[in-house]
Every structure is written in C-alpha cells, then in structure tokens.
Amino acid sequence: MAEQPLVEFDGVIKRFDSFVAVERMDLDIHKGEFLAIMGSSGCGKTTTLRMLAGLEAPSEGEIRLEGIRINDLPTWQRDTPMVWQSLALFPFLNVRENVEFSLKMRGVDAAERRKRAGHWLERMQISEFAERNIAQLSGGQRQRVALARSLVTEPEILLLDEPLSALDAHLKVRMQAVLSDLQRELGITFVYVTHSQSEAFSMADRVVIMSRGVIEQIGAPQEIYRTPRTRFVAEFLGSSNIFAGKVSQTRKGQVAIETPTGRYATAQSDDKPVAVGDSVTFAVSGDRVQLSAKTPKGEFNTLQAKVVGEEFVGATATIYMEAADGTELRAQKSHDELRDLSIKIGGNVFVSWRADAGHILPGE
Amino acid sequence: MSDFNRNPLIDWALKLYALLAFAFVFAPIAASFVFSFNEDRFPSLPLGGFSTKWYVAVATDPLVWEGLQNTLAVGLTVSIVATALGFGAAYTDFRYRFFGKPVYLALALLPPTIPVVILGLAMLAFLSRVELSGHGYSVMIAHVVMCAPFAMAIIRLRLSQMDPDLEAAAWNLGASEWGGMRHVILPFTRPAIFAALFITMAVSFDEFAVAWFVSGLNETLPVKVLGFLQGQVSPRINAIGTFVFVTSMVLVILAQVLLMKRSAGQDVVADDKE
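Just so you know, the protein sequences line up as chains A and B, in that order.
FYI, our numbering numbers position 330 of the first sequence as 330, with every residue one higher than the one before it.
FYI, our numbering numbers position 59 of the second sequence as 1059, with every residue one higher than the one before it.
Derived from the structure by calculation, the hints contain no laboratory data.
Where a beta carbon is used, it is the ideal one built from N, C-alpha and C, also for glycine.
Don't take every hint at face value.
With the C-beta cut set under 10 Å, the calculated list includes, among others, these residues of chain A facing chain B [stated by the list, open to error]: (1) R78; (2) T80; (3) M82; (4) Q85; (5) L87; (6) N94; (7) K104; (8) L159; (9) V308.
Using 25 Å as the maximum straight-line C-alpha spacing, the simulated SDA-like pairs for lysine to any residue come out as follows [said to hold, decoys possible]: (10) A:K104 with B:L1076; (11) A:K104 with B:S1234; (12) A:K104 with A:F92; (13) A:K31 with A:G139; (14) A:K104 with B:L1009.
Hey, can you work out the whole structure from these sequences and the hints?
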C-alpha cells in the first residue's frame, strides 16, 4: 500500500507492573477506514485504544500518527477524541456546554463555539435538547451528545470504546446504523473497540481480533468468518467445529487428516500448504455441516455424534453435539430443515460435510 | 413500607423511646435557651418574666465582642485553609495510586480520633517549642489540624461518586491538567467544597479544649464562656450558649442541604440509566 497509514503501531508493548496488556503489536490503521478491535475482556483492546488516545504510554515501541511519533504527546495535545463506554458526559454542564467543551479548552471564542457546536447539535438531531441537563436525556440521546462532543473539533480519527454496550438491543442496532452512516459521510477513521461480534462485523471494514495482548487476526469480516487463522479465532466466533490431527496423505488440492474421531478429507491450505506428517487443526463452519439420521451418500466426511442440546435464536437453531471422544460439535440449521429430521436430545445423528467446507487454520 | 406486618404496641413503644431519647439530648439546650430569656438571676422554676436583658448584657460586654471577633477570624481562616488542605488530600486519594496509601489515608483522617485534651496539650507543647504559641494564629493552626480531616472526608465522598473517566475525558478533549481541575473537578465537587467550608467553620466555632490550651490571650468565645463560668454563674452564659448553638446549627444545616441536594441529583441520573 503506497499511501501512508494514518496510525502505525510499531512493536508496541504495554506492561502494567508484571502484567503484559499488549504484546509487541504491529498494526496500521488507514485513513478513512472503520476498524473494529474485538476480543474478550482483558485482551488488550481497550489498552490499545487508550494508548492511541494518549491516556496510556507504551512501555516499548512507537506509535506514529501521520508518520510522527506521538508516544510522549499528552492526550490534550492530540486530536484523538474518544467516546467512552460510560460516555463520561459532564453532569454539571448542559448539552450545549458539553458539546462546546473541547472548543472552549482550545481557546475558540464564544461566538464561534456556539456556531460550531450548533452545527453538530443539528447534525446529531439533538438541537431541541441543547439547554437540557444530561440527567434528563435518554440513553440514545446521551449517545448522540457524546458523539457530537467528540466530533466538534472535526478530528481525523474518532476512538470508540464499547459505546453501545449500555443500550438495549433495539437501540443498539439503530445506533449502529447512525455510526456507519456518520463514518461514511465524514470519511474519517473510526477505531471501534468492542467485545460484540455482531457490532464489529456489521460496521467495520476491517476487524482486529485480539487475545491476551496479541493480535490473532486482521481482516475483512467475511474473510475472518470464512477463513479463521487460529483456533482462538475459530472458537471466539463460536460457530465452527474444530478438529486436530495429523496429515496422512496429500493429493490434488486435498489432504487427508487422521483425527481421534476418524479420517477426514479437507481442502489444502492456500496460505501455508501442509505436508504429510504435519500436525494440523482445521475448522468446519457450523452452517456447512449436514445432519442426517442415516449415513449420507456421496463424498462426505462423516461421524456419528450424540445430540446434547439445542438453542433457538430467531429463525435459526444451533444443535450442540458430542462425538464419541468428547469433541464438541455444532450445526446451525433453519427450523424447516430441522422439521424433517427428528432430533432428540440424547439421540444419535450423523454429522457430515464436504471436503471443501474444511479450512485448515494456518496460524496453528 | 406497608403497615400490615407491624405490631401497633411495639410501634408506639418505639416512638415513645425515640421521643425520650431526643428529649434527653436536647433538654439541656432547650433549658439554656429558655432561661436565656428569663428575667431572674438564678435558673429556677417558676420562671420570672420574659426579658432580653442578658442578651443586652452580653452584647454590651467588650470582652464578649473580643472573643467573638477572635472566633470569627479563626473560624473563617480555618474553614478556608482546612478545606483547601482537605481538598488536596481527597484529590490525591482520588487521582493517585501509590505505595503506602492506606497509611497516608489513616494519617490524614487521624486527628479527630485523638482525645482533644491530648491534642491540646501536644499542640501547646509543640507550638511553644517552635514559638508559635499564644499568638492570634495559634488557635488557627491547631484548628486547621482538627478540621482538615472533616473537609477531606466530605470532599472525598463526593469524588467517590464521580465517574472516574470524567477527568480523563476532559484531558482527551483538550483540557490540560489545570484545565481539568478547573473545568471538571472543581465544578463537580463544588457542593462538597461549600459543605466542607460550613462544617469546618462550625467545628472551629464551638471547639473549646484545644483553643483553651493554645489561645493564650487571644481567647475564642467558648474559652471566654468558661471564664465567665469560673467567676460566677450568670444567665449571660445561656445567652451566649444559645447564640453559639444557633450559629453552629445554621452552618451544619447549610452543609446538610448542600449535600442532600447533591444526592438528589445523583438519584435522577441513576434512575434514568435503568
């Protein structure tokens, strides 16, 4: 990529006493992209964001903004506003004063402040609440105030730390649309930290998945979903069946893998071709496995498993199963598909998939 | 709460008990108040006629005015200095994590737990050693030591109710550390700062023991009152006592109102979040 990244993390390490929060991170953030950093709590995603905001200093390495080292630049000298998980609105100021705050801190005169804040109040559709107290606003309105307050200086980059986590599901989806539109219209960079897969995958151009201070994978949502790089990512996304074994044969873009539950054919890895004798882990997405009462005909990998539970979310159901050796399996099916197949908890079922549904995890 | 599961007999007994307890606590003060308007020289029943002559006597006594002046000067100075120190101590606790912090907190909150006679003696010994005893500011120094922990406790409570992200949010929006202090910490703690000013003034206003030890010739009003008592029993004491009591109460109630307004505001926020 010829264009200079807006932000570069170059070998950044962050330690808190003996705890390593971020482990040697290299990450480029491009101008105008919507980047989501995702992981479970304690994975270092918020620390990464706080280092970018200037609220934490890296222990080692360098963070560059437009090519310039900003490690030692205090947060008030950067224009990297953040939308906080708690929103952190000032309760003793009204909506307008909250939005004007950063302009005031930067010495913009009162008339200009009012004009620019007015524009953002308008844009976020909160003008009518301008003189209200923060305590009198609903959750969604507060969200808009927080966004207006952060965007009023027209920054190049906006940092968001799980801003939607306090909202109910319906409002969350509405605010996701607001955020996506806003980012597209403004064309600025959004860095969005979340533990929610649905938020990250529905809004972001690229997703960074972190675990224990390490980046596990960076990629477009579809790419991560279809081709997880590591076992952690496959498990974190929560919809894959994972098998580990040894390669016993390779042939014509396919490999045979011996696992404790049987021998399975899987597509050869494009990233990192495997050879006979290699230990490999592969994943099969839960929506690409078939369930049947009898052994299926055709070129399928098949194993028998016991149904241990089912879970219904909207139009799809997830069937949880267990193979003879304890391997956990899952399949996502629509209600229609399930009706034809009498699934009983405790009953046996055949789980099968085509060789090209298997994806060898290159990071393992 | 519903009355359904309550025994009326126990209810009445408890009410009576509360009434008696309050009567016991406030009877002496009330008696002092009543006798301060009694014409008679000696506090005995039945009461003589209504009179404000003891107030007149007090108001025309130059010694009382001198004591009151000292008390006010001490009270004002102490409230400002103690609140400033208390604020610093509370903010340090809020903002920083450091080795030995529990010890720091224990030491900062210690003075009110020391018996006042011991504190007074120690103050006297120490202040005279460094030649600060017997001056107008001797009582101020001693009272600041006694009052700062109250200010700290009040402001610390307020800071503990603050979203810890608030100050960092201000920095993130371009406020320097001084800017954050001025535009976030001070506005947020303002009610507690005023409450601390009133409470510390009230504490200083009627503190006797330590002032008695260190005041020398610059006696504050409570010390003067004891002087009166030792010489002669005069109903003027009742008049002064009533005045001191009312003043302290006004200060404490002002502080309470400030603190209660604050918690009411908090409730609104909490409700809305749900």
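query = Taking the closest Cβ pair, is R78 (chain A) under 10 Å from chain B?
reply = holds, 8 Å
Restraint satisfaction for Q85 (chain A) [CB to CB of chain B, less than 10 Å] = Nearest chain B Cβ about 8 Å off; hint holds.
task = With chain B as the partner, please determine if K104 (chain A) meets the hint condition of a C-beta pair closer than 10 Å.
result = Hint on K104 (chain A): holds, closest Cβ of chain B at ~8 Å, below 10 Å.
message = Let's test the interface hint: is any C-beta of chain B closer than 10 Å to that of N94 (chain A)?
response = Status violated, d = 12 Å.
ask   = Measuring from the C-beta of L159 (chain A) to each C-beta in chain B, is the shortest one below 10 Å?
value = holds, 9 Å
inquiry  = Please check whether L87 (chain A) passes as an interface residue: C-beta within 10 Å of a C-beta belonging to chain B.
reply    = holds, 8 Å
ask   = Regarding the hint that V308 (chain A) lies at the interface with chain B, is the smallest CB-CB distance below 10 Å?
value = At 37 Å from the nearest chain B Cβ, V308 (chain A) fails the 10 Å test, so the hint is violated.
ask   = Are the Cα positions of K31 (chain A) and G139 (chain A) separated by 25 Å at most?
value = violated, 30 Å
task = With a cut-off of 25 Å on the C-alpha distance, tell me whether K104 (chain A) and L1076 (chain B) pass.
result = The given pair, whose Cα atoms are some 34 Å apart, is violated under the 25 Å limit.
request  = For the pair we were handed, K104 (chain A) and F92 (chain A), check the Cα-Cα distance against 25 Å.
outcome  = Holds, at roughly 16 Å.
ask   = Within a Cα-Cα threshold of 25 Å, do K104 (chain A) and L1009 (chain B) meet the stated pairing?
value = Answer violated: K104 (chain A) to L1009 (chain B) is near 64 Å, above 25 Å.
ask   = Under the criterion of a CB-CB separation shorter than 10 Å, is T80 (chain A) in contact with chain B as hinted?
value = Check passed: Cβ of T80 (chain A) comes within 7 Å of chain B, closer than 10 Å.
Checked against the numbered hints above, the structure breaks hints 6, 9, 10, 11, 13 and 14 and satisfies the rest.
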